[in-house]
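S.K.: Hey, can you work out the whole structure from these sequences and the hints?
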Amino acid sequence: MLSEHKAGRAVGICSVCSAHPLVIKAALSHALRIGSDVLIESTSNQVNQDGGYTGMRPVDFRRLVLDLANQAGLAPERVVLGGDHLGPNCWQGLPAEEAMIKSEELIRQYVEAGFAKIHLDCSMSCADDPVPLSDEVVAGRAARLCRVAEEAWRRVEGEPPVYIVGTEVPVPGGATEDLAELEVTSPEAAVATIEAHHESFKALGLEEAWPRVVGLVVQPGVEFDHHKVVDYQPEAALALSRRIEDYPFMVFEAHSTDYQFDTNLKRLVQDHFAILKVGPGVTFAMREALWALDAIEQELFAENASGLRSIVLEEMNIEPKYWKSYYSSEGGALLLDKQYSLSDRVRYYWSRPNVVKAMEVMQRNFEQRTPPLTMVSQYLPGQYSAVRSGEITFGVESVVIHKVQEVLSQYATACVE
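Using the numbering used here, read the sequence shown as starting at 1 and increasing by one per residue.
FYI, nobody ran anything at the bench for these hints, they're computed from the structure.
Don't take every hint at face value.
Stated by the list, open to error - Pairwise CB distance ranges, derived in the manner of DEER restraints:
1. Arg-63 to Ser-409: 26 to 32 angstroms
2. Gly-390 to Asn-304: 43 to 49 angstroms
3. Glu-367 to Glu-77: 33 to 39 angstroms
4. Pro-95 to Gly-332: 19 to 25 angstroms
5. Ala-236 to Pro-132: 18 to 24 angstroms
Ideal Cβ positions, reconstructed from N, Cα and C, are used throughout, including at glycine.
M.R.: Structure, rendered in structure tokens:
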């Protein structure tokens with residue numbers, strides 16, 4: 001893809017950043033249907049040597065994805081695994097050297113598990129660091145982690161990893177403040193980031209790895225806060241877009257492209273933002289489908305309904321750490337934020353035991369009684385059409401997967417010329 005893009009074709013790839021099995025199933029079956037490869041990434045807070053918030057180490061995540069690919073009938077060589085924001089992100093409260101030692105182990109486990117795309121992100125300040133860090137410090141730490149990755153790859157052999165450097169602003173997962181507009185990364189800042197990393201790689205004898213630094217994360221002017229999307233404005237990113245043409249093996253990686261219009265996604269690819277990441281956008285679609293199914297279930301099954309939506313909200317109140325620092329609202333506004341914020345903090349609660357049990361009850365209910373198509377049309381019009389045409393049969397899993405694939409289809413269209 002990178003070779004074709006640098007040769008002048010407006011092609012790209014979507015990076016699906018989610019650890020939820022239903023989202024992964026949706027991505028795998030979508031790739032099978034359209035005949036493409038699929039790039040699935042986990043973040044350092046989702047999957048790490050301590051289990052992350054999913055309870056999975058890198059080898060566990062790889063096993064999950066490849067098992068699901070086998071079930072879907074997708075050949076394993078068509079699945080690319082990536083690690084996102086790999087660095088001190090999870091250990092910012094520690095002194096820098098302690099955090100970097102943990103980061104080295106993180107990188108080692110990702111590469112040894114077969115992750116082929118590694119985002120080296122050391123942009124965050126640790127407990128004894130100044131704020132912000134200089135380009136030289138960030139690049140020096142990234143090169144240190146790259147050396148670990150190269151050593152790990154040579155031990156396990158196989159295809160050498162490719163690397164992504166740089167980071168976006170605001171923080172991963174959506175802005176916490178109300179956004180009006182964003183400052184696009186300046187061409188000068190992008191070049192400074194690239195050159196600082198190049199010098200750090202040379203200083204550690206990593207010149208052989210440097211051509212495999214295939215992507216730079218910048219801010220192209222796309223973001224979302226709780227209830228608003230900042231749309232891509234091509235003219236604002238024009239100078240930045242042209243500057244990457246000076247680097248024959250490198251494209252931009254755009255984070256937080258969730259919720260952009262189809263035309264914006266296509267233009268991003270045309271403007272050399274050839275790697276488009278989506279995360280909360282796909283789990284938001286999953287939550288939309290499950291809330292709609294909950295509404296149908298309440299009408300059909302009354303007191304025997306799973307109460308999924310209520311149970312999720314109850315679990316969010318029991319364990320507020322995944323949303324508390326994101327939402328400053330109160331009362332009814334807080335209830336809306338917890339459910340409908342574009343940052344989708346609900347995604348942290350699907351694996352909790354009470355939520356899993358409620359999902360199982362919902363599945364059993366709909367296995368026993370299929371709702372009339374008129375009800376499906378009321379709450380899930382896109383899935384109504386798919387059921388009516390015979391594209392899918394009605395069920396919790398098939399409805400959720402189809403809803404997620406509506407999002408993935410936008411990216412697939414944007415990534416072909």
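S.K.: Is the distance from the Cβ of Arg-63 to the Cβ of Ser-409 consistent with 26 to 32 angstroms?
M.R.: holds (28 angstroms)
S.K.: Return holds or violated for the Cβ distance of Gly-390 and Asn-304 against the range 43 to 49 angstroms.
M.R.: Since Gly-390 and Asn-304 have Cβ atoms about 29 angstroms apart, the given range 43 to 49 angstroms is violated.
S.K.: Starting from the hint 33 to 39 angstroms, judge whether the C-beta atoms of Glu-367 and Glu-77 obey it.
M.R.: With a Cβ separation near 35 angstroms, Glu-367 and Glu-77 satisfy 33 to 39 angstroms, so the hint holds.
S.K.: So does Pro-95 sit 19 to 25 angstroms from Gly-332, Cβ to Cβ?
M.R.: About 43 angstroms separates the Cβ atoms of Pro-95 and Gly-332, which means 19 to 25 angstroms is violated.
S.K.: When you take the CB atoms of Ala-236 and Pro-132, is the distance between them in 18 to 24 angstroms?
M.R.: holds (23 angstroms)
Of the numbered hints stated above, those contradicted by the structure are hints 2, 4, listed in ascending order.
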